[in-house]
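Residue strings, one per chain:
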Amino acid sequence: MSDTRERRSIANALLRFLPSAAVFVAGLVAWELWVNVRDVPSYLYPSPSDIGGELRDEGLSLAVDDLRWTMIEAVLGFLLGSGAAMFAAVVFVHAKFLERVLFPWAIVLQTVPIVAVAPLLTIWFGFTLTPKVLIAALICFFPVLVNTTKGLRSISTQAVELMSILSASKWSIFWRVRIPSSLPYVFAGLKVASSLSVIGAIVAEFTGADRGIGFVIIQASYRLDTRLMFAGIALSSAAGVLFFNVIGALERLALRWPDARLDR
Amino acid sequence: MTNSGGITIDGVGMQFDGRQGVTALDGIDLDISAGEFVTLVGPSGCGKSTLLRIVSGLLEPTSGRVDVSGKTPNQARRDVDFGFVFQEPALFPWLRVLGNVLLPGRVLGRRNPNKGPESAEIARELLRDVGLEGFENHYPGQISGGMQQRVALARALSYGPKILLMDEPFGALDEFTRDRLNLQLLDVCNKAGSTVLFVTHSIQEAIFLADRVVVLSPRPGSIARIADVPWPKPRALEIRYEPEFAALTGELRGLLTVEDEVESAMNQP
Ligand SMILES: Nc1ncnc2c1ncn2[C@@H]1O[C@H](COP(=O)(O)OP(=O)(O)O)[C@@H](O)[C@H]1O
Ligand SMILES: [Mg+2]
Numbered sequence: 001m002s003d004t005r006e007r008r009s010i011a012n013a014l015l016r017f018l019p020s021a022a023v024f025v026a027g028l029v030a031w032e033l034w035v036n037v038r039d040v041p042s043y044l045y046p047s048p049s050d051i052g053g054e055l056r057d058e059g060l061s062l063a064v065d066d067l068r069w070t071m072i073e074a075v076l077g078f079l080l081g082s083g084a085a086m087f088a089a090v091v092f093v094h095a096k097f098l099e100r101v102l103f104p105w106a107i108v109l110q111t112v113p114i115v116a117v118a119p120l121l122t123i124w125f126g127f128t129l130t131p132k133v134l135i136a137a138l139i140c141f142f143p144v145l146v147n148t149t150k151g152l153r154s155i156s157t158q159a160v161e162l163m164s165i166l167s168a169s170k171w172s173i174f175w176r177v178r179i180p181s182s183l184p185y186v187f188a189g190l191k192v193a194s195s196l197s198v199i200g201a202i203v204a205e206f207t208g209a210d211r212g213i214g215f216v217i218i219q220a221s222y223r224l225d226t227r228l229m230f231a232g233i234a235l236s237s238a239a240g241v242l243f244f245n246v247i248g249a250l251e252r253l254a255l256r257w258p259d260a261r262l263d264r
Numbered sequence: 001m002t003n004s005g006g007i008t009i010d011g012v013g014m015q016f017d018g019r020q021g022v023t024a025l026d027g028i029d030l031d032i033s034a035g036e037f038v039t040l041v042g043p044s045g046c047g048k049s050t051l052l053r054i055v056s057g058l059l060e061p062t063s064g065r066v067d068v069s070g071k072t073p074n075q076a077r078r079d080v081d082f083g084f085v086f087q088e089p090a091l092f093p094w095l096r097v098l099g100n101v102l103l104p105g106r107v108l109g110r111r112n113p114n115k116g117p118e119s120a121e122i123a124r125e126l127l128r129d130v131g132l133e134g135f136e137n138h139y140p141g142q143i144s145g146g147m148q149q150r151v152a153l154a155r156a157l158s159y160g161p162k163i164l165l166m167d168e169p170f171g172a173l174d175e176f177t178r179d180r181l182n183l184q185l186l187d188v189c190n191k192a193g194s195t196v197l198f199v200t201h202s203i204q205e206a207i208f209l210a211d212r213v214v215v216l217s218p219r220p221g222s223i224a225r226i227a228d229v230p231w232p233k234p235r236a237l238e239i240r241y242e243p244e245f246a247a248l249t250g251e252l253r254g255l256l257t258v259e260d261e262v263e264s265a266m267n268q269p
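Protein sequences, first through last, are from chains D and E.
Heads up: the first sequence at position 157 corresponds to 157 in the working numbering, and the numbers run straight through without jumps.
Heads up: the second sequence at position 99 corresponds to 99 in the working numbering, and the numbers run straight through without jumps.
Take these hints with a grain of salt, some might be off.
Below, a sample of chain D positions facing chain E; criterion: calculated Cβ distance under 8 Å [claimed, not checked]:
no., residue
1, 162
2, 165
3, 248
4, 260
Label pairs and their calculated CB-CB ranges [unchecked claim]:
no., chain 1, residue 1, chain 2, residue 2, range
5, E, 244, D, 150, 53 to 63 Å
6, D, 23, E, 201, 33 to 43 Å
7, E, 23, D, 102, 37 to 47 Å
8, D, 113, E, 201, 56 to 66 Å
9, D, 108, E, 201, 36 to 46 Å
10, D, 19, E, 78, 38 to 48 Å
11, D, 94, E, 31, 40 to 50 Å
12, E, 142, D, 233, 43 to 53 Å
13, D, 128, E, 144, 52 to 62 Å
14, D, 87, E, 226, 49 to 59 Å
15, E, 235, D, 158, 28 to 38 Å
16, D, 16, E, 201, 38 to 48 Å
17, D, 87, E, 144, 54 to 64 Å
18, D, 253, E, 179, 35 to 45 Å
Keep in mind that the hints were calculated from the coordinates and are not lab data.
Bear in mind that the values here come from a model prediction, so they are computed numbers and not experimental data.
Every residue, glycine too, gets a C-beta built ideally from N, C-alpha and C.
When you get a sec, could you build the whole thing from the sequences and use the hints?
Here's what the structure looks like:
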C-alpha cells in the first residue's frame with residue numbers, strides 16, 4: 001500500500017523533472033549540431049561531447065583534488081555566514097535600536113563587490129582556506145539575515161496574545177512561537193545561500209589559490225583550455241545543485257506541517 | 001471580593017488614538033459573580049472584543065477599572081486565571097492537534113497541576129468531548145475551520161482556568177455542531193464552576209447559554225440592556241421553542257434593530 005504510493009510519488013517526481021531534462025538535452029543537441037555544422041574552432045567552442053570526454057578523463061581527479069576543496073570552503077563559509085546572520089537576526093528582533101544602527105551596514109556589506117574584496121583578503125591571509133571561507137560567508141550573510149529577520153517577525157498577534165494569556169516568558173515565546181514560525185523563512189534563505197556559497201568560494205579561488213575548481217578554471221583560461229574550463233563549470237554547478245538539494249532535503253525533514261514550505 | 005472567579009467592571013472606557021480617536025467603550029459597569037455565565041451581544045464594532053481583552057489584561061483601559069477576584073486583570077493573567085478562545089482558532093500550524101491542546105501544559109510547566117502522562121490523557125478526553133476523537137495526530141492545516149475552533153476550545157479548557165473568555169468562538173460552525181458544543185460547554189462549565197464571558201452575534205445562542213445577556217450598543221460601545229435568563233440549568237435545546245424564549249429573543253433583537261435604525265438615520269445626509 002505505502003509501497004505503491006511511494007513508487008507513484010517517485011514516478012511523479014520523474015515526470016515533474018522530465019520537461020527540464022528534455023530542455024537540457026535539447027540544448028546540448030543544438031549546441032553539438034551548431035559546433036559541427038558551422039565548423040567553429042573547437043579550442044574556442046568545445047562541443048558537449050568534447051566536454052563529456054574531458055569530464056570522463058579528468059572528472060574524477062577534478063572532483064577529488066579540487067572540487068572537494070571548493071566544497072569544503074563553500075560549506076564552511078555557508079555555516080559561518082548563515083550562523084552569523086541568524087545570530088544577527090535574533091539580536092535585531094530583540095533590539096530594534098541595534099537593527100536601526102546596524103542594518104544599513106548590512107546593506108553596505110551586501111553591496112560591496114566580492115570580486116574586489118577577495119584579492120584583499122588573499123593579501124591578508126595568503127593562499128589559505130581563510131579568504132575563501134570568508135568570501136563564501138560574506139555572500140551567504142545577507143539572504144539569511146533578511147529572511148530570518150522576516151521569519152522571526154512573522155508571528156501572529158493572536159499567537160502572542162495566547163502565550164500572554166498563558167503568562168509565558170519571553171524565552172518561552174521565543175522557543176515555542178518565534179523559532180517555529182521563522183523556520184520556513186530561514187530555510188528559504190538557506191537555500192539561496194547554499195547555491196551562492198559555491199560561487200563565493202570559486203570567486204575567492206580566482207584571486208589566489210593552489211587548488212580548487214576556481215583555481216582550475218582560471219589556470220585553464222590562461223592556457224585557452226576551454227574544455228577544462230567547461231568541465232570545471234559543469235562540475236561546480238553540479239556541486240551547487242547538490243548542496244541546494246541537501247538543504248532542500250533538510251527543509252522537508254524540518255517542515256513537516258502542511259503548507260509550511262514557502263516556495264511550493 | 002473574595003469569591004474566586006468574580007469580575008467587577010467599573011466605569012470602563014477605551015479610547016484608541018488614531019486619526020479620529022475611536023471611543024470603543026464608554027462607561028461599562030458590570031458585575032459578574034463567580035460561576036456565572038454572561039453573554040455579550042451587539043453589532044460588530046461595538047467593542048465586544050475590546051472588552052474581553054481589557055478583562056484579560058491584554059489591553060489597559062483608558063478609564064475605569066476592572067477587578068478580578070481581588071486582583072488586577074494583569075495579576076490574574078499572570079496567575080493564569082483566564083482561558084481565552086479567540087475569534088480565529090490561532091492554533092500553531094507546526095503542532096499536531098494533540099500538541100496544540102498540550103501546549104498550555106507545556107508552557108505552564110511546573111505551575112501546572114495537570115502534567116506528565118496525565119495531561120495527555122486529559123487532552124485526549126477533552127478532544128473526545130469536542131468530538132475530535134481520532135484527529136489527535138492531524139495538523140491544523142488538515143482539518144476544517146470548525147474543527148480547528150474546537151481544538152482551540154479544548155486547548156482553553158486543558159488547564160482548568162477559573163474564567164473563560166470566549167470571542168465568537170462558534171461563529172464559523174454549522175448549526176448542529178454549534179448546538180452540540182453549546183450543550184457541552186454548559187456541561188463543562190457547570191462541572192468546573194467556571195465563570196464565562198462569552199461574545200456572540202447570535203441572540204439565540206446568547207440567551208440559550210447565559211445566566212445574563214448583556215446587549216451592547218455601538219458608538220461608543222455601552223450597555224443597552226442586561227437581561228436575566230430565567231431557565232434553570234442544565235438546559236435542553238428545546239427551551240428555544242418555548243414562547244418565553246421567543247419573546248425574549250424578539251425583545252433583544254428589537255433592541256439591536258432600533259440601534260441599527262438610529263445608526264442608519266444618523267448616517268443619512
Ligand atoms: N487596536 C486598535 N486600534 C484602534 N482601534 C481599534 C483597535 N481595536 C479595536 N478598535 C476599534 O474599536 C472598535 C471596537 O472594536 P472591537 O472591540 O473589535 O469590536 P467588536 O468585537 O464588537 O466587533 C472598532 O471601531 C474598532 O475599529
Ligand atoms: Mg470582535
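So which of those numbered hints doesn't the model satisfy? 3, 6, 9, 10, 17
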